[in-house]
Each structure stands twice: as C-alpha cells, then as structure tokens.
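Number of protein chains: 2
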Amino acid sequence: MDNPLEYSFEEIKIGLIHNFEVGIDEELTKKFANVSGDFNPLHMDEQYAKETKFGKRVVHGMLLASFFSRLVGMYLPGKNALYFSQNLNFVKPCFIGDKVTVQGEIIDKSDATKIIKLKTSIKNQEGKSLVEGTSQVMIR
Amino acid sequence: MDNPLEYSFEEIKIGLIHNFEVGIDEELTKKFANVSGDFNPLHMDEQYAKETKFGKRVVHGMLLASFFSRLVGMYLPGKNALYFSQNLNFVKPCFIGDKVTVQGEIIDKSDATKIIKLKTSIKNQEGKSLVEGTSQVMIR
Chain A
1 MDNPLEYSFE
11 EIKIGLIHNF
21 EVGIDEELTK
31 KFANVSGDFN
41 PLHMDEQYAK
51 ETKFGKRVVH
61 GMLLASFFSR
71 LVGMYLPGKN
81 ALYFSQNLNF
91 VKPCFIGDKV
101 TVQGEIIDKS
111 DATKIIKLKT
121 SIKNQEGKSL
131 VEGTSQVMIR
Chain B
1 MDNPLEYSFE
11 EIKIGLIHNF
21 EVGIDEELTK
31 KFANVSGDFN
41 PLHMDEQYAK
51 ETKFGKRVVH
61 GMLLASFFSR
71 LVGMYLPGKN
81 ALYFSQNLNF
91 VKPCFIGDKV
101 TVQGEIIDKS
111 DATKIIKLKT
121 SIKNQEGKSL
131 VEGTSQVMIR
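Protein chains in written order, with the numbering used here: chain A, 1 to 140; chain B, 1 to 140.
Next up, chain A with everything else stripped away, as it sits in the complex:
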C-alpha cells in the first residue's frame, strides 16, 4: 500500500494524467462478489458462461469501476479528495487474466467550487476501452 498523493487545488492543471495497471485474477473476482453480493453466473459460473455469447466468465463492470475510487483517492487528487460523482459506461467485457490500465485526465477545474473534473478510462492489454466515464471530485 502506497501513501496517497496530495495535490492541492492550485497544483491541479488541465491535462494532468495519472494511470496504473491492475491484473484481474480469479481471486479478485471472488473478493468483489463477496463484497458486492453480486454472484450472477455470468461472472461466477464458468460452465454457464461458456454457453453465452461471451464464451467465458465476464468480470463485474463494477469491480473495474472500483479502481476509479483508487484513482481519485490515491492519485487525482489523492489525500484531499471528496468524491462527488462518477458516470460509467461499460463498453466492452473484461475477462479473468486481463491486465487493465486505469487512467484519469484532468479536463476541467472550477475556482468557485474547488471541483475538478476527470475523464476516466480503463483499457485492456490490447488497448481496447472497457470502461469510460467522467468524475467530479471536490478538493478539501
């Protein structure tokens, strides 16, 4: 566990980017199912998933979305974050064994409210976009 970055509102510039990689394995998927309570067989049952058009288990989209919590709370802006909103579009399926890159880019900041706006994305090892969206975060 690393310590979070500590950007102040003044230090946040439009165009600033942070990203990190996460390997998606069986264990992480099980942990997320236990936390969320989502045991849908498309995520959890290999036999069932094999019969669907995906051909194998699909990783919970919301597991990927949880990495935006890390992005905001550890990197952009890190320690002083107060998460206001997040829009999520689940664009393509993620599979067990994928290595994903989570990225945030500052696209706006408001002096009046101290709210920063991020473009957020998660791509797989082939560079294909899996999750897209935007975040609004206040800096305390």
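Since the hints were derived computationally from the structure, they do not count as laboratory data.
Treat the numbers as computed from the prediction; the structure is a model and nothing was measured.
Check the hints yourself; a few may be wrong.
Copies of the same chain look alike in the list, so a pair counts if it fits in one copy or across any two.
[To be verified] Below are the SDA-like pairs computed for lysine to any residue, each with C-alpha atoms no more than 25 Å apart in a straight line: (1) 128 <-> 23; (2) 13 <-> 50; (3) 128 <-> 115; (4) 50 <-> 79; (5) 31 <-> 117.
Keeping the supplied structure of chain A fixed, place chain B upon it in accordance with the hints.
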C-alpha cells in the same frame, strides 16, 4: 448466497421495485480497500478522519456503488443482465455502522434495444439519501 431472479424483458414493468439492506461494518470497508486499492486516510485512518469536518471515517462511495452491481445482477433483471451504464451521485457520507437500503425502480424500457432503465438509490437507516443515480441494463 441466493440465486438471482430471472426476469425476462416482457416481465419487466415500469414501476417495478426491488430493494435489500446491507450493514456496513469495518470488515467490509477493509475488504473494499483491498479490492479497489483505495486506502485514502479519510476511509481508513480513524485518527486522521477525526480531524476532518466529518469527525469519523467515511465509507468509500464506490463500496456503496458496488451494491448496484448486486441490484442489477441479482434482482433487476437478475440472471440475464448485461450492465450498460451507471451514473452515480455521492450525496451524503456513509459511516461504519450504518445500515443502508439499496433500491432500484424500473423507469423505462425500450422494445427496440431490450434495454431497461432503473432509478437507483441508497439510503441510510434515517432514510437519508447517500447515493443516487440511474442504470441502463440490457436483458440478454
């Protein structure tokens, strides 16, 4: 672990509601931090959180959002869900010890795309809204 419901597109009616309760404890918060990698001290460090305006640790908003994965994957529509999008507004803080009610209500359905739209909300034990948003889900 219960089996998911299995609503077909035809069975989904506007106004249909499902909800469930979740008790938010220390253990669940730790598990979410480990899954997401978000160890921001506002969530994880009691001493630090005491000095903030919240006066105690705030539960990750995205932990609450993970319950929408359960709502969609287990209840509305359950087994045949394909999660398309989710908007999240983090309205009020959730604290360890809170008991939250997660609710989804069908507000629209499209015959052309088989996509259903849900109004989603999470309230605390006092009925105060913590997270609000909408989901779009395709029924396979």
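To see whether the hints hold, each was checked on the structure:
no. : hint        : in the structure
1   : 128 <-> 23  : within (15 Å within a copy, 37 Å between copies)
2   : 13 <-> 50   : neither (46 Å within a copy, 30 Å between copies)
3   : 128 <-> 115 : between (29 Å within a copy, 24 Å between copies)
4   : 50 <-> 79   : between (42 Å within a copy, 15 Å between copies)
5   : 31 <-> 117  : neither (30 Å within a copy, 28 Å between copies)
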